[in-house]
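Protein chains in written order, with this note's numbering: chain A, 1 to 106; chain B, 107 to 219.
What the hints contain is simulated information worked out from the structure, not anything from laboratory work. Here the structure is a predicted model, which is why all the values come from computation and not from measurement. Be a bit skeptical, because a hint or two may be false.
[What the hints assert, rightly or not] Taking lysine-lysine pairs in the DSS-like style, the calculated list, with each CA pair at most 25 Å apart, reads:
1. 42/A <-> 79/A
2. 177/B <-> 115/B
3. 163/B <-> 2/A
4. 45/A <-> 115/B
5. 2/A <-> 79/A
6. 45/A <-> 177/B
For reference, the chains in residue letters:
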Amino acid sequence: RKEVEQDPGPFNVPEGATVAFNCTYSNSASQSFFWYRQDCRKEPKLLMSVYSSGNEDGRFTAQLNRASQYISLLIRDSKLSDSATYLCVVNQKVTFGIGTKLQVIP
Amino acid sequence: NAGVTQTPKFQVLKTGQSMTLQCAQDMNHNSMYWYRQDPGMGLRLIYYSASEGTTDKGEVPNGYNVSRLNKREFSLRLESAAPSQTSVYFCASRAGTGPQPQHFGDGTRLSIL
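Pulled out of the complex, with its shape left as it was, chain A reads as follows (with noise of 0.2 Å):
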């Protein structure tokens, strides 16, 4: 099993749609959780922390679940500009998931 694991995509969705991605991991041990964003061709850029109790950036919602391995995002009202791949990031050993790719259809 992958130390972390994440649904490559495509997400293909509606503007104004509501979108959820997971990410399981597979060491019980991790402490600390990431969600990047990554666009075409550039460089990972922070999205949001994961903490234990789940927290909130707007449109972005992050949760996780310890007992089951996995941490999620959830975009609301999807807008074109959140078009990109998201990275899931556990950061035991530092360890990237392979990303989601998100495409938000006009």
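Based on these hints, arrange chain B on the given structure of chain A.
For chain B alone, kept in the frame of chain A given last:
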């Protein structure tokens, strides 16, 4: 706000040539990392340096060497480039251990013919 600076941004090499990719950060971060990213493979860790004076192998270290020259700089060397090393290389830094995110450079696009 320079953050993490990588040079060069693009490079084409012939098989067997050597080169060094440079990375510098101005955030006083302790940890630095080198990744490669290939289509469909995600980011894979080549080497990292948890602090000045230490380096450790990551997931795909073969064919590479690194030097943590000082706290700011972490270079990646290809001694004898191979076509399989054609990739986009990202350098990243992080304040230290614990729940700290990484900050990435713009990347170096390397093609080996």
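Comparing the hints with the structure gives:
1. Proposed proximity of residue 42/A and residue 79/A is supported: the alpha carbons are some 19 Å apart, at most 25 Å.
2. For the proposed pair residue 177/B and residue 115/B, the alpha carbon gap of about 22 Å is at most 25 Å, so the pair holds.
3. With a CA separation close to 18 Å, the supplied pair residue 163/B and residue 2/A stays within the 25 Å bound.
4. Proposed proximity of residue 45/A and residue 115/B is supported: the alpha carbons are some 18 Å apart, at most 25 Å.
5. A C-alpha spacing of about 31 Å is found between residue 2/A and residue 79/A, which places the hinted pair above 25 Å, so the restraint is violated.
6. Pair hint residue 45/A plus residue 177/B holds up; C-alpha atoms about 22 Å apart against a cutoff of 25 Å.
Hint 5 from the earlier list is the only one contradicted by this structure; the remaining hints agree with it.
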